[in-house]
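Engineer: Below are the chains, spelled out letter by letter.
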Amino acid sequence: MADRMTDLTALPAVTLNDWYCVAMEVTAPDAFDTTLLGATFYVTRTADGWQATRPDGTPCRCQTRYDHIWLCPGTPDRDLFALPEADQSGRRPVPCGAVRVACSPLRAVENFLDIAHFPFVHTGILGSEPHTEVYRYEVEITEGDAEVWATKVRFYQPQAAKSAAGGIETDYMYRVPAPMVSVLYKTCPPRPGEWDVIAIFVQPLGPELCDVWPWMSLFDDETPQEALIQFQQTIFLQDRSILENQVPRLLPLDPRMEVPTRADLTSVAYRRWLKARGATYGATLEAL
Amino acid sequence: MTDWIPVSTATGLRRGGVMRSFVCGQELAIWHSAGGAVHAWDNRCPHRGMRLSHGFVRGEQLACLYHGWHYGADGACTAIPAHPDLVPPASICVPTSPCIEAGGFVWVGGDPAHPPAEIPRLGLRSLHVEVPLATLRAHLGGTPDADGLVPFGIAAAALQAWDDRTTVLHLATPPKTSTTDRIALSRAAEALRREVEEWQTA
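Order-wise, the sequence lines are chains A and B. Under this note's numbering, the residues of the first sequence are numbered 29 to 316, in order. Under this note's numbering, the residues of the second sequence are numbered 47 to 248, in order.
Treat the hints as calculated values from the structure; they're not laboratory data. There's no promise every hint is true.
[Claimed, not checked] Across the chosen pairs, the derived CB separations fall in these ranges:
1. A/Arg164 - B/Glu106: 23 to 33 Å
2. B/Gly63 - A/Glu314: 27 to 37 Å
3. B/Ala136 - A/Glu113: 42 to 52 Å
4. A/Gly306 - B/Ala159: 51 to 61 Å
5. A/Pro121 - B/Thr57: 31 to 41 Å
6. B/Ala136 - A/Gln266: 28 to 38 Å
[Said to hold, decoys possible] What the simulated footprint calls covered on chain B by chain A, stretch by stretch (three residues with Cβ under 8 Å from a Cβ of chain A suffice, anywhere in the stretch; the number is not a length):
7. 88-99
8. 181-194
For each residue, glycine too, the CB sits at the ideal point set by N, CA and C.
Starting from the given sequences, assemble the full structure and let the hints guide the process.
Structural biologist: Given below as structure tokens:
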């Protein structure tokens, strides 16, 4: 799978110089190989923190943030995205481990941004018929083409979170701060006015294979950690059955290839944003 | 000679069922409506590329598992659950192929004006054999009838070119064949598969 000879310099700078999640901090061994963009990187724990080297042995930047280890295969042209909620007191971080999915990393992000599938894929948990309608919501691309945001998203959910007792109408906000990261903010049942934060950090092993690292930051002092992780695993395994059966595996950026509706505004904005910044690793520009 | 290609025994595709199949490498979703009609469609929802073979049958419609988009018998989208009040544009449509149930098998791709012969048969089983169709046909011997079927003992054998390396052998027996005979035929088919695959490897 990993090819030590992969020519990283052939990748677009926007892909090469981004940050990617490669491990969960608490479970990472002191030294490990990891596959990123088809190449094998080596990561070790030293007295000065985590250090990483490229396949050719040269060092590259590495940092820990949001309970995970992040690596930049090229030369970072910006900081890792900010997630201020991670430092807010009273929150509980829940790193969930990885789910390996045989799909484009971009398909994994797009699925995370989608709510219309809840009643059919996460039946009885995040959605149920006949509550299938996706109400009008707003999408914007922030200044300087920095991020994609979807706001005022509302959806009926039978069991929105582990801490939710019954069906409620849930408010959502979605955010794409980097091509292979997505963050959602949703109504927090035990604490009205605050948002639960759920993110996925997608590690691109190759254009059609990825590890999805879900991470949550919740106001929930009661549910055992294992139960929270189990809940998230259930959801992601349901998503995997979809993601591994989309044709083609690469995310199509040619608008003629797939037919969106109004419910797909976030997906449409995400695809346009990827195309505009040239972040086409894991995408296809050609028709089938 | 016929253009119909067998894709299943009639009993192998239950009412309300959906399955994935290939004809010469082209991927299809084959499904059986509640009312008994069979359909063969391109295996891809036009919305987000999801395989329709993972979908579910509701009455005379097939729905995609991902977002529940419904498609009617002609392949046209009839409902988009995210927008219950929207009438889907006619342009949202899944390409379809002719599909028919006849003579104990399900067939695709032929001329509906000239369906395969209606001879009562009971589906026995379908075996994937890792050899090209021409190889399996040569090993079976016999003379194909007008629908391309060849005798296999008292059973009828129908061959499906899955792709250029794999052939599916569909078998159906006369309706009143004894269980003992059906088991013997099933064993014989497995023996044939072993023999032809070993011959191919040798």
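Engineer: Work down the list of hints and note, for each, if the structure agrees.
Structural biologist: These are the hints, each one checked on the structure:
1. At roughly 32 Å, the beta carbons of A/Arg164 and B/Glu106 sit within the given window of 23 to 33 Å.
2. The hinted window of 27 to 37 Å between B/Gly63 and A/Glu314 holds, with their beta carbons roughly 34 Å apart.
3. Range check, B/Ala136 to A/Glu113: Cβ separation about 46 Å, and the 42 to 52 Å hint holds.
4. For A/Gly306 paired with B/Ala159, a C-beta distance near 53 Å keeps the hint of 51 to 61 Å intact.
5. A hinted range of 31 to 41 Å is violated for the C-beta pair A/Pro121 and B/Thr57, which are about 54 Å apart.
6. The hinted window of 28 to 38 Å between B/Ala136 and A/Gln266 holds, with their beta carbons roughly 32 Å apart.
7. Counting residues of the segment 88-99 of chain B whose beta carbon lies closer than 8 Å to any beta carbon of chain A gives 8, which reaches the threshold of three, so the coverage claim holds.
8. Counting residues of the segment 181-194 of chain B whose CB lies closer than 8 Å to any CB of chain A gives 0, so the stated coverage by that chain is violated, three being the minimum.
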